[in-house]
Amino acid sequence: MNLLSIFTNPYLWASTIAMAVPLALPAIGGTFSERAGVVNISMEGIMLISAFVSVAFSAYFHNAWLGLLAGVISGILVAYVFAWAAAKMYANQIVLGMAFNIFASGITAYLFNAIYGPEGTPFDTPKLPDVKIPIIDKIPIIGQILSGQNVMVYIMFVLVVLSQWFLFKTTVGLRLRAVGENPEAAETAGIDVVKMKYLGVILGGAFSALGGAYLSIGVLNSFSPEMSSGRGYIALAAMIFGKWTPVGSFLTSLLFGFATALSYTLQESSISKNIIMMLPYVVTILALIGIGGKSVAPAADGIPYRPKK
Amino acid sequence: MVKKALQSILMPLIAIFISMIVGGIVILITAKQNPIYAYMALFSGAYGNLMNFATTLTNAIPLIITGLGVAIAFSSGLFNIGAEGQFWIGAIVATYLGYQIKGLPWYLHIPLIIICSMIAGALWGGLVPGLAKVYTGAHEVITTMMMSYIAIYFSHYLLEGGPMMDKGTIPQSPMIQDSAKLSILVPNTQLSSGLFIAILAVVVVYILMYKTTIGYELRAVGFNMKAARYAGINVARKLVLAMGLSGAFAGLAGAVQIMGVQYRLYDSFTSGYGYTAIVVALLANNNPIGVVVAALFLAGLSTGAQEMQMQTNISGQLADVVVGLIIFFIAIEELYRVIMEKIKTRKSKLEPVGGQE
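Line order of the protein sequences matches chains A and B. For the first sequence, the tail end lands on 309 under our numbering, and the numbers increase by one without skipping. For the second sequence, the tail end lands on 357 under our numbering, and the numbers increase by one without skipping.
Honestly, the hints are just simulated from the structure, not real lab data. There are no misleading hints in this set.
Below 27 angstroms or equal to it, Euclidean Cα-Cα: the simulated DSS-like pairs (lysine-lysine) are: (1) A/LYS88 x A/LYS308; (2) B/LYS181 x B/LYS167; (3) A/LYS243 x A/LYS169; (4) A/LYS88 x A/LYS195; (5) A/LYS308 x B/LYS344; (6) A/LYS88 x B/LYS349; (7) A/LYS195 x B/LYS342; (8) B/LYS344 x A/LYS88; (9) A/LYS195 x A/LYS169; (10) B/LYS102 x B/LYS167; (11) A/LYS308 x B/LYS349; (12) A/LYS308 x A/LYS195; (13) A/LYS88 x B/LYS347; (14) B/LYS226 x A/LYS308; (15) A/LYS243 x A/LYS195; (16) B/LYS342 x A/LYS88; (17) B/LYS211 x B/LYS226; (18) A/LYS138 x A/LYS127; (19) B/LYS181 x B/LYS102; (20) B/LYS167 x A/LYS273; (21) B/LYS342 x A/LYS308.
The shape of chain A in the complex, shown without the other chains:
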């Protein structure tokens, strides 16, 4: 196979974007959470729960949009519990994250078996629609890449821009960031630290849930246990490599999405896909140890804060 022909194949670029969705959404979600000073490694678990809930509701009501809504609500509820434990109970956030991930992997597999049994989710479960964009659709190559994608792809584009604006141009965004950098000072300035932490974690849950729903009713119309397969952790990496910004997270997710798309395209070639799959993790370590520009976490990230009053 000619190596160059791989890169001129519009399918590779289209699937790069498609593969970036379930990374970018939780990565942006994680950004909100960590900007508010809460490390949430349970993006993986929230994705799984949302993926399951989305499919279950989509199948039951025969409406993928209702499925998506239910998935997001489930993500918000789980994140709410996380926020309570992290902000009100000062729990160790890494330990919490582990608890949520183990719980999520267990409960989704358990309920999947209990409700659907070995046959799995119904075949006629509706999925979220693919969207053809007029005009762009007619442009060669670009049309093949940008049009006809799942609706979640376009939702992602909108959310990237909105998130960046929200975090860096609005008062609430400023307060959120202040809490992650210096909660004492933020509190002195009259900011409700606990409320901001809730906001950050819940936004994180909602975004991760969107990513999870995309896996089960965006790309497919079914669920299988462990279907998030570590994407929550790669999202964490994308967030770090993207320097805790929505646009950075998105661009890094594209890079990681490209690695994944490439590993599938190269399956027939001599380079092992497993070697390519390692790249996001290697890249993240390099980013963390300061090669290619230092990535610095919010100063109070992960430290439980006890309000003074």
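The hints should help you fit chain B onto chain A, whose structure is shown.
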């Protein structure tokens, strides 16, 4: 002192109790079965007879050894959550040396494998995450997690058409030599003399952490890093050492699993022992003896869950649900403090100070 010891036992017990109740409610709603009957099936499946208990012990061995490693890191204030990857690295080295080296007697072959896999685990878990932490401040939670994924993909690379793949189409390594196999203790089970390695590891870690200067210094760093530095302890070196030791035990566990149970490496060879080991260390509050108890409990939970699935048709994944809940209820220890304080203030309102009539 007694109160503190009581607390460290009481907390996990309360967490386990609440989690079992919540798990029971899940059973009641989703499977419409009697939870007590299900839990009895689980218990007898885990500890009910010699065969079941041997299986539980077999599953407990990697948890004990890896759990000890994670506990060393925890006591030094480090969060090694990449034990899974270090476990894989130990297993890869053990497998490679196990089938490559031929003609050695077992009393040389097995120690050689043990030493090499421990070094490999130590380098994987200690060198990169430890040095990165000390010199660039990269958080070990992220680095160990990333190293873990790299290890898992690396092993898949080795097995799926890579240099360690056996002849044929199944992605698995060749079988290790007989001289690299640990002997089986109970016939018709997989319980091997790896049990003695686990017990020895517990003793070694206990002595290391509580009876030596190094152990004291490691715990001092974990207790208060600034004070330790002030007391003249080389904190950076201790952090790297703690990560290295942590990785070494995870690597050893991988090797023991290969030599005692699996005899060859394949894609799904670990059942997430590295992740469960974190729970073990957490439940045990980093105490080496506690690690044994916690490992036996968690191994029993997974062994028993399979038996429960056969007897009651309740899916074994319920065990994960319960484990997740247990960690959650341990993590929110603050809640118990809040409740205790509420009870205390109510009591003091009922009984006025001074005992007036």
